Structures are given as structure tokens and as C-alpha cells.
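J.: Listed here are the chains, written in short residue letters.
2 protein chains.
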Amino acid sequence: MATVDFLKKLVEQTPAECDEDHLPVVVYSVPQMPSRNAAIMKNGKSPLPEMLAGLRALRTQGAQLVAIPCNTAHFWYDEMCREGGLPIVHIVDAVCEQVEKSHDIHGPIGLLSTEATLAARIYHDRMSRRGIGMVVNCQEERDKYVTPAIDLVKRGHLTQAGDLVAMAVENLLERGAKTVILGCTELPVALDSIAYPQRYFCVDATRALAEATVSRALG
Amino acid sequence: MATVDFLKKLVEQTPAECDEDHLPVVVYSVPQMPSRNAAIMKNGKSPLPEMLAGLRALRTQGAQLVAIPCNTAHFWYDEMCREGGLPIVHIVDAVCEQVEKSHDIHGPIGLLSTEATLAARIYHDRMSRRGIGMVVNCQEERDKYVTPAIDLVKRGHLTQAGDLVAMAVENLLERGAKTVILGCTELPVALDSIAYPQRYFCVDATRALAEATVSRALG
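So the sequence lines, in the order shown, correspond to chains A and B. The numbering used here numbers the first residue of the first sequence as 1 and each following residue consecutively. The numbering used here numbers the first residue of the second sequence as 1 and each following residue consecutively.
Any given hint might turn out to be false.
Note that the list lumps identical chains together, so a pair holds whenever it fits in one copy or between two copies.
Said to hold, decoys possible - Okay, derived cross-link-like pairs now, SDA-like style, lysine to any residue, Cα gap no bigger than 25 Å in a straight line: (1) Lys144 x Ala16; (2) Lys178 x Ser193; (3) Lys144 x Asp19; (4) Lys45 x Pro24; (5) Lys178 x Gly84; (6) Lys42 x Asp151; (7) Lys45 x Val25; (8) Lys42 x Glu20; (9) Lys144 x Cys18; (10) Lys144 x Glu79; (11) Lys144 x Glu17; (12) Lys178 x Gln32; (13) Lys42 x Leu152; (14) Lys45 x Glu141; (15) Lys101 x Tyr200; (16) Lys101 x Arg82; (17) Lys42 x Asp125; (18) Lys42 x Ala16; (19) Lys144 x Glu20; (20) Lys101 x Pro197.
Everything labelled a hint here was simulated from the structure, so no lab data went into it. Note that the structure is a prediction, hence the values are computed from the model and not measured.
Just need the whole structure built from these sequences, with the hints factored in.
T.: Shown next, in the form of C-alpha cells:
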């Protein structure tokens, strides 16, 4: 559903008056590839060979630019750029651009993500290079809200997941975050399925990726 | 957005407990191909060569089954089956299966579609073979509601389109239809964006296609 959400936001961000104005898109979505989380956290099988196979498939179809609507997959960003032969929009760079250009976004910035995205410092390294400080949920909140919400989205229980994500956001706002990054692509799917007033304080990494992709695709 | 809507419904219809349970999908979405409507109605350039190129691309990626979330494109169904080398789920067959298996669906059945889908009898021929009678909007209603609604979806104005589709549905219900087929894949996108109480009387061809596709993919 994260891929569907990305495609929806890609279409929404594209200025179009008719079919022809929309971007030509090829999608390679193979959810059977090894878990990104298990590979990082439990030394599981690496998904890199299958992600490179995906990049080869996209290149064969003439793709000129790649977006990957999975935050954790960006752990292998450098290898994918080096071996995939295609430019890839980095989801965290896209989020940083949103944060820097918005006057409504103030620090410190909260981050909701998978355990693996946190452990691998996928956001922390790029954000700290830009001087942006971050706040995260404590382990207990992650176990209680974020991880189960991600699993619920994969099982299709969106509103139930949305309620959990809302609670994780609340906790970060209480902890001092002024803005919260939805840094796993299941999270905006969950939150968009409920009417959540604090949604305004969230930066949607999927939407940021879509915006950066459209912007680069249209030059 | 019709492709996004189809993918969303495909994911929703798939029984899944985790990533791996979801179907592997490759998508080829090239909105620059010639207009299906113009080809049928105005003797414009045929989209068939580019649709066959799409089928070749999907076959190269290992696709075993194809769904095409565009009703009008089914005008070229026989050629695509013959020359594409892949089984294709026919959207009208998927709708007929829905109609036949549902006890809530009663005739006569209304049809909302593009002018080309109507003119080419894409629904009429298959439905009448199954003995299902149909009712359509008059030309004036189509010009006023259906055609502008489709264009509005392509431009991203979903709720405005939704209001027009609702009026087209109302007119068919008044004309005696007991059920209305949303027989152009922009129409459910429009109607899903508004809270429309009569949605219950509509058969969504996109959802029917997704259901038939999941059912065939899972054997």
C-alpha cells in the first residue's frame, strides 16, 4: 500500500491538464524480497541483490530516474547508486528539502520510523549534517505503537494502524518535537485513513519523495 | 489516477498478513500513448502498437497475468490477447461475474462510460450475450456530466468530478436502472472522493477487475 500511496502522491504533485501531461511510470513491486529490517537488525539475508534486479528491470524499461518508497531500503542507497546505473532520489534528502523550505516547520524534529531505520541512522546522519536535531520515541512507545502500526498496514487494517500512529505522534509532540517526520512509508497510509487534527504537524516522507521526484523529472 | 485506484483495490482484495503475502506486480503506465477515444471516435492514431509494446515490457519482467484498468482499451482486447502472448483479464467479464454472483444487483443495469466504450459496444456485446439488459445516459447527460467528470479527474479535480458523476448516476436511476456500472476507470476515482449515499447502487468496474485479477493470480 506504500507503493500505491507514493504513486497517488506522484500523480497529485504532477501539474496536468490531460493524460499526456502525466509522467510515464514503470513500477517494480516485489514484496517477496528479503525483509530490510531483518537484514539490518538480525543479520538476515540482504535484499540488495533483489533490489539491484529491480533496478535492472527498471533500466531495461527505459527508466531515467528512480524513487524507492521504502525508507529502510535507503540503507543500501550508495550500493544501489553505484551498481544500479540510475539516479535515485534519496528520501531523506527529499524530507530535508521540505524541512528547509517550509516556514511552518520548526525544530526539534521528531522521527517515527522502523527500528532498522533508526539503528542504521538513515535519518540521523543526513539530518545532523544539515544541523537538524532529532527526537525519537522511546523503545516502549515504538513497541507499542509504531511497529504494530506498520504490521497492521501490511495486513490491511488501516484505521486501526492510524490510531496507533496518532498516539506515537502525540508522544513525540509531548517530548518537545515541533514537527514529526513520518519516516516509514506505511505511516502516512495509516494516518491518512483517519481524521487526525495533528496531521498538520507531520512531514510525510512519501509526499516529500513524490514532490522531489516530480520536480527532478520535470527538470 | 485510475492506475493508482486499481492498484489500491488490488492490494485491498489480497488476503495478506505480511509483505510476502502481497502479489508481485509490475506496472507499465505510459499516458503519452494515443487516446483510445480519439482512435475509436475520430479515426485517430491507434494505441495498439504502444499497448503491445507495454505487453512486451510486462512479459520481459516475467508477468504471467495482465489487467488493464482502462475500459475503452478493451476495444483492442482480441488483438492484445493474440499478439501480446499473455492472458488478460477482461474488465467486462469481471463486471459480469460481479453482477451474476451478487444478490443485491438487479436489472436493468445502467452504464456510465466514455463515448467510445458505448459506441464500440464494449459492454453491450458481452452483457447481452449473458442476457443482461442495459440503460445509458442520453447524449445531453453524457456531455454535461460524464465526459467533463473524466477530464476533471485527469486534471486532479476529484471532488468536482465526483459531484458530476453523482448526477449522472441519479439520472440513470431515474431512468429505471437498478444498478449502475462505473464503466470508465476515472469514474470510481471521482465518486470515491465524495460521500455519495447512492454509491451502494454502483458496480465499480475497477474493483471488479481487481477482484478477478487477485482470484486468478491466487488460482
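J.: Each hint: holds or not?
T.: So, going through the hints one by one against the coordinates:
no.	hint	result
1	Lys144 x Ala16	between (42 Å within a copy, 22 Å between copies)
2	Lys178 x Ser193	within (23 Å within a copy, 31 Å between copies)
3	Lys144 x Asp19	between (44 Å within a copy, 20 Å between copies)
4	Lys45 x Pro24	between (33 Å within a copy, 19 Å between copies)
5	Lys178 x Gly84	neither (37 Å within a copy, 54 Å between copies)
6	Lys42 x Asp151	within (18 Å within a copy, 50 Å between copies)
7	Lys45 x Val25	between (29 Å within a copy, 22 Å between copies)
8	Lys42 x Glu20	between (46 Å within a copy, 18 Å between copies)
9	Lys144 x Cys18	between (45 Å within a copy, 18 Å between copies)
10	Lys144 x Glu79	neither (33 Å within a copy, 54 Å between copies)
11	Lys144 x Glu17	between (45 Å within a copy, 19 Å between copies)
12	Lys178 x Gln32	neither (37 Å within a copy, 43 Å between copies)
13	Lys42 x Leu152	within (21 Å within a copy, 49 Å between copies)
14	Lys45 x Glu141	neither (28 Å within a copy, 58 Å between copies)
15	Lys101 x Tyr200	within (16 Å within a copy, 44 Å between copies)
16	Lys101 x Arg82	neither (29 Å within a copy, 52 Å between copies)
17	Lys42 x Asp125	within (21 Å within a copy, 57 Å between copies)
18	Lys42 x Ala16	between (45 Å within a copy, 23 Å between copies)
19	Lys144 x Glu20	between (45 Å within a copy, 23 Å between copies)
20	Lys101 x Pro197	within (23 Å within a copy, 41 Å between copies)
Hints 5, 10, 12, 14, 16, counting from the list given before, are not met by this structure.
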